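Could you build the full structure based on these sequences and the hints that come with them?
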Amino acid sequence: MSTATATADEVDERLAPTSRVTKVLRRPEVGSAIAALLVFMFFTLYTEQFLSQSGVGTWLNSSSRIGIVAVAVALLMIGGEFDLSTGTMVGTSGLLVGVMTTHFGLNIFVAVVLALVAALTIGALNGVIVMKTGLPSFIVTLGTFFVLQGVNVALTKAIIGQVAIQGMNLVPSFDVIQPVFGGSFSLFGTTMDLSVLWFLAITATATWVLLRTRPGNWIFAVGGAQQSSRQVGVPLLATKVGLFMTTAGAGWLVGMITLFKSSTVNGATGVGDEFIFIICAVVGGCLLTGGFGSAIGAALGALIYGMTQQGIVYATWDSDWLKAFLGVMLLGAVLVNNWVRKRAEAAR
Amino acid sequence: MSTDKAGTSQPDMDRDGASAEDAGHEGTGRAAGGETPSLPPPGTAIIEVTDIGKSYGQVIALSDVTTTVRTGEVTCVLGDNGAGKSTFIKILSGAHEHSQGTFVVDGVSRHMSSPRAALALGIATVYQDLAVVPLMPVWRNFFLGSETTKGFGPLKRLDVDFMRRTAKSALADMGIDLRDVDQPIGTLSGGERQCVAIARAVYFGARVLILDEPTAALGVRQSGVVLKYIARARDRGLGVVFITHNPHHAYPVADRFMLLRRGRSMGDFPKAEMPLDELVKMMAGGAELDALTDELDRSLPDSEADNDKETPAEVQER
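Residue numbers (the numbering used here), protein chains in the order written: chain A, 5 to 352; chain B, 1196 to 1513.
Among these hints, one or two may not hold up.
Claimed, not checked - Residues on chain B that point at chain A, a partial pick, calculated with CB under 7 Å:
| hint | residue |
| --- | --- |
| 1 | 1327 |
| 2 | 1335 |
| 3 | 1340 |
| 4 | 1342 |
| 5 | 1459 |
| 6 | 1461 |
Unchecked claim - So these bits of chain A aren't anywhere near chain B, every CB distance computed over 10 Å:
| hint | residue |
| --- | --- |
| 7 | 43 |
| 8 | 49 |
| 9 | 109 |
| 10 | 140 |
| 11 | 157 |
| 12 | 171 |
| 13 | 188 |
| 14 | 191 |
Just so you know, these hints were derived from the structure itself, not from any lab.
Bear in mind that the values here come from a model prediction, so they are computed numbers and not experimental data.
Ideal Cβ placement from N, Cα and C applies to all residues, glycine included.
Listed below in structure tokens is the structure:
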């Protein structure tokens, strides 16, 4: 944010020159960067496979699938809202494409686009309900979460008679679209999923939007002080609804990645991940009250999640420790964030 | 183009139709040089209200109010709680339409139906909550809702350097010397924040500045700072409407006083005709204040406050 070089006349003698270190330490993503580094070093030293070519690929893959939605959720949280329906949205969009193509024989391109439209519509609906009723987004999206979770299983069973999509790779043109979402590439001998590139691109775009565009300014504003931003002419409804649509769209993307990578999704796909996304965003420095946070931080949070998940496997520990670790990370992050906010808001 | 960007609430058209004009700096042509354009010479009446009133159904919230807002002058609207100050501001700022009397802006009779319409005429209102976002830097707050951009299409981005520089210089023009426009505005004191809100309205082309109780929540020294900036805005040729219930804050900066009591105007006086003690007395209700003094004198020694339960309510209402 503070990259501009001040010209000579702008330098104020009352300002003690802030060192680069202090400036960096004030960024919201610092905590998660340090934590990510520690986790990385720990598993690198403790296990052999972690830094191996296949190891890096594995934890980057799992980080990327979480990270894509986590970054979108971070934007929404900076905008002052929650979305608990993101996890099931992954399943919903995957199932939609699966059912429409394998059962009804719909063109796969049409199905993918229709699923995106459906996801964006549900996202917009979340946003409009929250804004028009003034209810907390936590409750509204909790409702959407349960509706989608139920519909995912029940409707799929009703239509195709089972809860998992099968025969996806037999659908015409599957091979044409598969590389876009489920492809892989090699870098320095490490093979990884294309989702890693999606993840990087989305993190970069989100950061650019947040810090350098008008909508980004509005996201911070509506999250920081809703009424005030309305008074100065920030398009409140459009900004918030746009954010809900972004999280839904990110859910769709991960749904497509899951479907085209593994050729199947089922009724339980994505359920439970909504909390992981939120944890990643909070670990990345987002305030639960909105108005503060970073997309890069959420990406680092996702990286911590992916590294820990695979690291625990390589260390041959019980994988249930992952949840306990996430809980500790979350509490630690909330405490740090709270302290940061108090400092930022404190009157002189 | 300059006036419809005015002030504290930004018209929709600006953000929706921003594409064409965003090629350059939206703000450069305007107040950046330190002068608000198209201001008539000091003393010219911008707003003239005559016997203006507002009723909500059976309730008459305001009636028979007459006053003038001139460039380079401060018109003080004084009144206790419930006197009709809020209603008066709402009419001036376009939030509510008046139901009686005439509301003339620049010689043309108007019926303003929205704050946007008022803004388009250069009438900007700084509300008590100031419309700032505490966690955001000063410069982002200054331009919030009216951000300057550069570039085209997907590369359209905030012109950060320009906004940072302009916020600093616009604040300096108003005599507000900030150490760092990158600090969150929440770290500024209440008076400083008030001043940023005033400077923002001035920069975005306000000709008339309506200040809703700007000193209400401030301490003595901070109030003094804000009064100084009100004077500064006046000296730059703006018409200022200063709403307050504190005659001691009103007196030093005001050029004329308009007193409200129970929804009615008690008159519109130039400063020359109104000494401070007279103003205080009129505000408190003159004879009623004397009666109240007597009453309190009597009730205190006997500790019979309970017998006079309606007195405090009555006092508050006035």
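When the hints from earlier in the document are held up against this structure, which numbers fail? 5, 6
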